[in-house]
Structures are given as structure tokens and as C-alpha cells.
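J.: So the sequence lines, in the order shown, correspond to chains A and B. Going by our numbering, the first residue of the first sequence is number 28, and it counts up by one from there. Going by our numbering, the first residue of the second sequence is number 193, and it counts up by one from there.
Check the hints yourself; a few may be wrong.
[Said to hold, decoys possible] Here are the simulated EDC-like pairs of lysine to aspartate or glutamate, each with C-alpha atoms no more than 20 Å apart in a straight line: (1) B/Lys316 with B/Asp341; (2) B/Lys316 with A/Asp401; (3) A/Lys456 with B/Glu486; (4) A/Lys455 with A/Asp369; (5) B/Lys316 with A/Asp393.
[As the list claims (entries may be wrong)] Simulated coverage check for chain A against chain B, where a stretch passes if three residues somewhere in it have a Cβ under 8 Å from a Cβ of chain B: (6) 111–124; (7) 174–188; (8) 420–429; (9) 466–476.
It is worth saying that the hints were derived from the structure and are not from the lab. Even glycine gets a Cβ: it sits at the ideal position worked out from N, Cα and C.
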Amino acid sequence: MNVRLQLFTFALGLLLALPLAYSHAFPLSGGETVLPPGTELNEDALARPREVFRSEVLGGRKSYLVNLGDVAFNSPSILGGAARQAAMSCGTCHVNGASNPRLFIPGMSTRPGNFDTTSLSFNPKAFNSLLDPVRIPSLRGARYLAPYGHDGRFASLRDFVRNVIVNEFAGPEPAPAILDALVAYIQDIDFLPNPRLGPGGLLAASYASDAELRGEVLFFKPFRRQPTLSCATCHVPTGAFVDHLQHNVGTGGLIKTPTLLNANFNGPYFHDGRYDSYDQVVEHFDGQFDLGLSATDKQDLVAYLTAVGDGERPYERDGVALRMKEISDFASVLELAIPGRDAAVVSLVVTTVDAELRELAERFPDHRNATVADGQQERRAARMALKELVLMFRQIELAASAGRLDQATAELRKITELTFIPVPALLKKAEPWSLFNAGVHDAHYGALRQMLQSAAKSPH
Amino acid sequence: MDMCSYLAGGVFGIRAPRWRFDYVVRKARGARRSVPWRPAFLCLIAATIWVPNAGASALDVAAQSYRRYLIEDIGRALTSARTLRERIEARNLDGARTAWIEARTGWERSEVFTSGFVPDLDQKIDAWPNARHGFHGIEAALFGANPTDAIEETREKTDALIAHLADLHAQLHDIALTPQRLLNGIARLAFEMGGSKADGGESRLSGTSLNDLQSNADGIELAYRIVFSATVEVAAPQLADAARTAVQRLKAVVQISALRNLDAGALRAHSEELVAILQVAAPEIGLDKPTLEEVAAQ
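Work the whole structure out from these sequences, hints included.
T.: See below:
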């Protein structure tokens, strides 16, 4: 049973990993970029972390606040300085509320997946003359993971989010309603379900292998030199595998206990992202606390951590359906913002959706793109539909700002009808010739990379 | 909604409601101004607009007058491409780079025309992303890592570019310049400019993406002024003010020292505002709303 399950898990993991193989690094290059040449934001990835919302898991729907928070989270306009100029948003680092293990910004990252939040480039006021990047954490389950920040310096998620916006990314003081919304959104991002864990955070025996079960025993076993401690002392299985405290584990000061839930997808590990694998993490603790683990013990602990850190369908294939769902969710904010005469929120939504729609339109290559030959009519129709939507959203902003709420509402109604079936149907028809198709994607980015490679060593 | 009309163009087949027009008029700088007196030329245009079936011919005349500017701009691109070829032959790298940049200027000013009227040549001349042929193929070689070796590579690519530009230049004398398609071209280019980001842009290897944007804005201003401005002025003067203001805003937002200083949000807003105005203006001058993609010959 266990062997079959392991084989199934392996096959499933392989299947889920396949889309990742399609995605290639696409670093920025050239001399005119806001971010340094060599920057990798991983925006061309075809596999995106799956986002699970607590409100939907429980059978409800995302609230206005959650959707507004999602909009703000994905809007560069709430940030300032270089981040805003480079069109970065919170979602650039926390893709779909998870992490971004491939993000790398030269001079601010020491490895993919970490980032110096006190660099000169993003806010001179926060610059501390140190290259001290921290791992980009996943926000899944953040509601259960206080305090906030890698060292737990903020008790309140709201304070932490404000600090990120204002101090780390030089943004303007956010409106209280926007902060509330951001907190509501982050708190609604749930952990991916993990059927391998049962009540109390114990392994579900029917799913667990012998190695995993042995690893679980070791996890609870007191350290031989500090018998009041075990792994489970800090990573409390009944409590999201955290203890809400900071500890010195030999990595340079007091660091907050990170959760182990869904951690398979949260690498690199430790606060600065110094380790790539659980093997290295276990090795670190064995050395630091003189645990005296045998080679088998270490393997068993890694097996246990892998079981605890698992999650169902961690990635989703990027595509028309996913994008249109996101746009509809964002647009739903307007249903209350327009009658509420909230011009600032209307503007934020329109600006954000506008950028998303334009970005989506670019996924359907135009006639100048020689990397895709077929589907010209379909791509053209898709692009046109998306461009027209952009203009309709802009009309909503113009009407709402002039106080013509009826017209703004009527325009939104048309958009809602169009985005329900007609536009997704057009996009779906063109999808085989879009950048959502792995072959087209690779040909397009291959051509782009070929161009950029010649600039990599350019004297300009 | 009928999907055929949806696909056939326009804003999903939805006519611009009056309120949009009102809005645009109110947005015009200086609010409602009286129609300024213009020379007899404007009277003539006014007469043709208000005589049934004559409005289109006034625009047709204006569209014809745009031809010489197009011929000049593409001619300039062609001349610079030939200079580029000579400098490649002379192994003058700096001179070749300068000639490439000069050739781009004429080309980018003509984008109002090129993508809609001659899409096949547009792809051959300005394919993107592309390191093999056309402007960007030559750019990759001239501004890339091994420009000295690349001099050799660019010879053939430049010959092809010259041939395509010469082909286009020859076609310009006879090609039918319909006002509708020119309006489509202006709207499309204005919309596309709004998608620009401060991330390096299309001509990132040469560092001239900002030049491209500035030339695009110049091209939009030129085509609007030569072909549509006078007619809109007579048919809907307040709208003409709004359009002029929107064009100037679009030009102003790209008048910056470096692409990294681009206010992408403002550019996007101005670009969409101009397209919205053109969509409202089109029926006022007897045209259909401009489409944002060329659907079929019109």
C-alpha cells in the first residue's frame, strides 16, 4: 500500500513538476532598465503557485475586502521608487501569495529566492549599508503565523504590511481601507491541503511510509544535550508547526520559527535562504545541537519533513481560465466601489485590471512576432477583445470620477457579460497560438533570449 | 450580443453613448470655447462635411496630403539604411550604429501606417523579438557583444532591410490611403504606446526605446494634424481641442531624458484617453470607430 502510494505520489509530483520544465529564466537585460541587468523576476513562468482561499474552502466566496486586497497586492501603484517604476508589486515576490524562488536582483540578492529589503535602490531612507537579503516567504497560512517578519519584529500583520509598503518599498502612506483590505487578503490565503497530515499534526498512518513514521518519532525525541528541547518544541505540530517565538539556531541571531506546512514549496530555507534542501537543514541542526543523528536518522527526518511539507496541487498551469478568473475577481470590487462613490478604489481597480489585461493581450503575439505563424485571425480577435475591455474599464474610471454612476454601472454590466463567456471563449480559441502554449512560449522566449544574450556582454 | 459584429470590430459593436462625448468635451482644456475663425480652407471643409457624401472626400483629400510625409519618412529610413550599409562596408562601427538609429526614426514615425497597411513588410522589417533579420536583427549584431565580428553578419541583413524599405517606398506612391485605416492606425499606435514600460523596451540593445516612443508620438501627431485635425475642428470643435490636448499630453509624457524615468501609468492613461476621444470623434466625421487591430481591408 505504502509503496503504491509512494509510486503514485512520485508520479503525481513528476506530473506537477512538468510545467516547471517549460519555464525558463528570462532575465532583464540592456542598459535602460530600472532594475539592474540580469534581474530575474520569473514572470514568464508557465506554472504558477496555486492560491487557496479560506473563504472559498469553507464554501463561501471571497469578500469585497479580500478582492480589493488582492487588487492592491498586485498593483505597483501602492509602492514607490524603483519598485513602482519597474512595475513590481507585492505579487512580484509573492506570486499568488506564495514565494518566488527564482527571483534574483543583482546587488540585492545573493541567490535566487532572497532579496535585501533595506537596499539603497528601493528606499534610500531604509538603506543600512549591508547586503543582508532575506528569503521571500510564502504567505500561505499567514493568519496563523504571527509575529511577522523573519525575526518576528512585528506583532501585527497590519503594521508589518505598512512597513513593507512605506519603508521597504518607498510607497506612499496607504489609506487605512487599503491596509485593511491587504490584511484581509493575506489572511484569506490558506495552506494547501495536505491529506498526509491528520488531527494534531500527526502523520496520517494510512498514508505514511516507515521512514516517515520513524522520522516523526525523531521529530519528537528530546535533544541529547538539551533534553527539554526537540524539533517539535518549536515546530508545534498541533499549531501549524510554529511556536510564535524567535530562537537562536546558529544562523545569526533570533529568528522566528517558520512553519513546516507546505514547506516543500517554500525553498530556499532559513531566513536568508542559505539552504536548498531539507538534507542541508537537517545537517545544520544535527551539527548545531549535536543531535548525534545517524545517516538513516537524517534520511528519516527528511522523509518526515517532506510528508509534513507537502500540499495538494501546488502549481497551476497559467492560462486563459486562470487569468480571466483573476480579472473577474478584481472587477467584482467595482460592484461596491461604484455605488459607494469610492473614486480612489475605482481608479486602483481600473489601473490594475488595465495592466493585467494589457499584459494578457501581449500573450497573444501580433503579426510582427515571427516565432508563431498560425492562428493569426484568432490571436488578432483575442487581442482586440482585450484591448476593448481595457478601454471599457477606462470609461468606468472616467464616468465614476465625473460622478456619472449610472453610466459607470452600465459599463461594468457590459464588462461582466463579456467576461463571463464571449471574451474567454475568444481567448480560449486563440490559446493554442499564445504564450500559454509551451511550444510558442519557448519559441518566443528563445528568440528574446537570443537577442538579449548578445547584449549581456555589450559595452553599452 | 451577435458574435459576428463583435469580431468585426468596434467596441464590441457598442456605439459610443453621448455621455462619453460630453465628458471628453468637458475635459478639454479651457472648457467650451467658441469655434475659432479659420481661413477659407476650413469653410471649404465645413461645406464638404455638411454636404451629403462629401465629408469623406474632404478626409480623402487630407489623407492624400499625408502621403508625402510618409514618403519622406520612409525615404529617410531608406537613405539611412543605405548609409548604414556603406558604413558597414567601411567597417565604421560607430557610424553604422548612428545610421541604424537614424533609420529607426523615420520608420517609427510611420508606424501609424505600417502595421495596418503593409503587415507583411512590417514583419520583415521590424520583427520582434528577432535577432536574425530586420531592424532588430541588425541591432543585435551592431550593439551586441561582438560588434566587430557582427559587422560581417549585418551585411546580408542590411541588404534585405534596404530591399524591403525600397519595396515599401515604391508602394507608397500608389497605395490607397483611406482615412478609416489611418484613424485605425493612430488609435492602435496610441494604444500600444500605452503598454510601454520602463523596463528596456523594444530597442533595448541599442538603448533607443525612448527614441522609438518619441518618434511614435511624433508620427501620431503628424497623421492626426494632417489628416483629421481640420475636419474634427469643424465637425466638433470642443472634441478637436480635447484631441489636440490628448496628443500633446502623449508627446509630453515621453519627453524625458531616459526610459527609466518613464511614468508608465500616466502614459497609459493618456494613451487610452486619446483612443477614447478618437472613438467618439470618428462618427462625428463620418467614420466608424477605429479598431484596435486591423481586421480586414477597409
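J.: Hint by hint, note whether the structure agrees.
T.: Hints, verified against the model:
| no. | hint | verdict |
| --- | --- | --- |
| 1 | B/Lys316 with B/Asp341 | violated, 23 Å |
| 2 | B/Lys316 with A/Asp401 | holds, 16 Å |
| 3 | A/Lys456 with B/Glu486 | holds, 19 Å |
| 4 | A/Lys455 with A/Asp369 | violated, 34 Å |
| 5 | B/Lys316 with A/Asp393 | holds, 13 Å |
| 6 | 111–124 | holds (count 3) |
| 7 | 174–188 | violated (count 0) |
| 8 | 420–429 | holds (count 5) |
| 9 | 466–476 | holds (count 3) |
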